[in-house]
Amino acid sequence: MVAPGIRFRGSAALDGRALFSGLELDLKSTGWTCLLGVSGVGKTTILRMIAGLETGAVLHGEITASDGAPLGDRIAYMAQSDLLLPWATVRENVSLGARLRGEAVNRDLVDRLIADVGLSEHAGKKPHALSGGQRQRVALARTLMENRAVILLDEPFSALDARTRAEMQELAHRLLKGRTVLLVTHDPAEAARLGDTIVVMTEAGVTEVPPPEGPAPRAVDDPAYLEAQARLMMLLRAV
Amino acid sequence: MRVLGGVFAAVVALALWQAIVSLTDVPRFILPPPALVFETWIANRALIWEHTLATATEIALGLLIGAGLGIVTALTLASSEFARLTMRPVLVFTQALPVFALAPILTLWLGFGLGSKIAMAVLIIYFPITSAFFDGLMRTPQGFLDLARTMGASNWTTLWRIRVPAALPSLGSGLRLAAVYAPIGAVIGEWVGSSQGLGYLMLLANGRAKTDLMFAALFTLGLLSILLYVLVNWATLTYLKRHTPGV
Ligand SMILES: Nc1ncnc2c1ncn2[C@@H]1O[C@H](COP(=O)(O)OP(=O)(O)OP(=O)(O)O)[C@@H](O)[C@H]1O
Ligand SMILES: [Mg+2]
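Respectively, the protein sequence lines represent chains B and Z. Under our numbering, think of the first position of the first sequence as 1, with each following residue one higher. Under our numbering, think of the first position of the second sequence as 1, with each following residue one higher.
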């Protein structure tokens with residue numbers, strides 16, 4: 001089954017004040033859409049609306065999948081905070097989805113993903129014993145473990161150092177082939193590196209910006225990527 | 001350090017007690033000197049031990065049953081809107097009633113034996129446990145619930161795997177409170193009517209003007225209560241530290 005595209009049309013009000021209006025956002029089937037914007041502009045709100053979760057805002061409009069089927073059970077959601085269960089080990093946290101659904105846990109896959117995010121030595125630890133960046137990588141592994149068609153990532157690499165971030169971006173890109181991904185970020189470099197579609201969100205509304213040439217993830221020294229990063233930065237500061 | 005502090009406070013209290021007895025002419029049947037109480041305690045150790053066992057049994061069974069009922073009630077309330085609507089007003093109403101006032105009725109219904117004392121202890125600790133655990137179950141961090149929902153968890157697994165573990169610290173507080181209340185319940189039950197237990201022994205000694213024995217029983221009751229609290233405190237905190245470290 002092909003991962004569906006998603007169409008978001010609508011306006012949202014927060015305490016009677018418009019948060020965004022006439023938003024037109026399209027997530028292309030099987031591609032990465034990067035939603036770039038400054039803090040507080042409404043990125044998380046959009047992502048949570050797609051996930052069907054409560055937000056402080058009221059949505060007037062609709063969110064539909066290109067194949068017309070409901071999205072509810074086809075989404076994996078990685079929130080801005082890691083949401084690791086403090087009483088569960090890294091392994092238990094990564095396998096949470098299967099355990100919650102009463103499915104058999106694929107232990108080999110769990111251990112492989114934990115190794116992929118570089119945490120094999122920590123697999124038996126509980127979250128309090130991990131650093132912020134390590135915790136974020138556990139949350140990433142947990143999201144990758146969910147075999148879902150649509151993946152919503154809310155600043156998934158924000159707590160990582162530059163080198164680990166580049167590695168995790170490549171890992172996520174490799175493991176999420178064929179999925180429809182929405183990546184929310186405030187980092188122009190990340191959007192320029194990973195986006196098949198790049199959407200900049202400011203108080204004035206959303207603008208689609210052409211991505212740099214070449215397939216993602218782009219090399220960190222790719223001139224087109226560096227140039228796009230600068231262009232996005234200018235756009236963000238223009239308002 | 002804390003143990004040392006406790007010992008120091010006890011020594012000061014004993015000295016004060018002895019000073020009052022020596023400096024005033026307070027008669028022995030009003031306030032016996034500490035040394036006499038200690039002697040009586042040693043001399044009557046078999047008798048006191050027997051009554052201590054009775055009271056300890058009442059407290060332990062009361063705690064066990066009360067905690068079990070409280071946990072089941074909290075789980076029921078937390079998992080069903082209907083239960084919340086119907087049961088909560090009843091619970092609050094029963095709390096408005098002074099539970100001590102029920103002691104004579106319990107004795108009438110359940111007799112002078114163990115049953116009425118256990119029931120009294122259960123009644124006293126049931127509400128603190130229920131309300132502490134229930135509050136914990138209703139205060140699950142929203143993010144965890146969102147996560148469970150996007151992962152396709154049923155209400156039941158969400159309760160079992162997310163809400164209950166997240167509420168264990170609250171249940172622990174409830175249990176620690178219950179450990180303080182349970183002895184009160186048992187002793188009140190004994191005062192209203194019984195033939196054994198430290199509360200009964202106190203009344204008996206009082207009736208025969210054996211104030212020293214009464215103090216010895218009271219002292220034993222205090223020790224028993226402190227021991228129980230320390231034990232429950234240690235058990236819950238040790239478990240929580242292992243289960244949810246860093247919280
Ligand atoms: N639950 C809520 N109730 C009321 N207002 C909210 C709620 N959540 C967010 N907001 C407000 O909505 C606006 C958008 O918030 P949102 O979390 O979507 O921003 P964001 O773009 O994700 O920011 P950041 O990059 O800092 O995460 C903000 O002004 C915020 O204060
Ligand atoms: Mg956000």
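One should not assume that every hint holds.
Lysine to any residue pairs mimicking SDA-like chemistry, simulated, CA-CA at most 20 Å apart [what the hints assert, rightly or not]: (1) B:K125 to Z:S154; (2) B:K125 to Z:P245; (3) B:K125 to B:R174; (4) Z:K241 to B:A115; (5) B:K28 to B:A13; (6) B:K125 to Z:E39; (7) B:K125 to Z:T244; (8) B:K28 to B:R9; (9) Z:K241 to B:P86; (10) B:K177 to B:R74.
The hints are simulated quantities; they were obtained by calculation from the structure and are not laboratory data. These numbers were taken from a predicted model, which means no experiment stands behind them.
Okay, the hints, checked on the actual structure:
Annotation: proposed proximity of B:K125 to Z:S154 is violated, straight-line Cα distance about 27 Å (limit 20 Å). Taken as a hint, the B:K125 and Z:P245 pair is honoured in the structure, with Cα atoms around 10 Å apart against an allowance of 20 Å. A hinted pair counts as satisfied when its Cα atoms are at most 20 Å apart, and B:K125 with B:R174 does not qualify at roughly 27 Å. A distance of roughly 28 Å separates the Cα atoms of Z:K241 and B:A115; the hinted pair therefore is violated under the 20 Å criterion.
In summary, the hint linking B:K28 to B:A13 is not supported, as the alpha carbons are separated by about 26 Å, beyond the 20 Å threshold. Of the supplied pair hints, the one linking B:K125 and Z:E39 is violated, its CA atoms being roughly 55 Å apart against a limit of 20 Å. At roughly 11 Å between alpha-carbon atoms, B:K125 and Z:T244 fall within 20 Å of each other, so this suggested pair holds. Of the supplied pair hints, the one linking B:K28 and B:R9 holds, its CA atoms being roughly 14 Å apart against a limit of 20 Å.
Using a Cα cut-off of 20 Å, the hinted pair Z:K241 and B:P86 holds, with the two alpha carbons roughly 11 Å apart. Restraint check: the Cα-Cα separation between B:K177 and B:R74 comes to about 15 Å, which is no more than 20 Å; the hinted pair holds.
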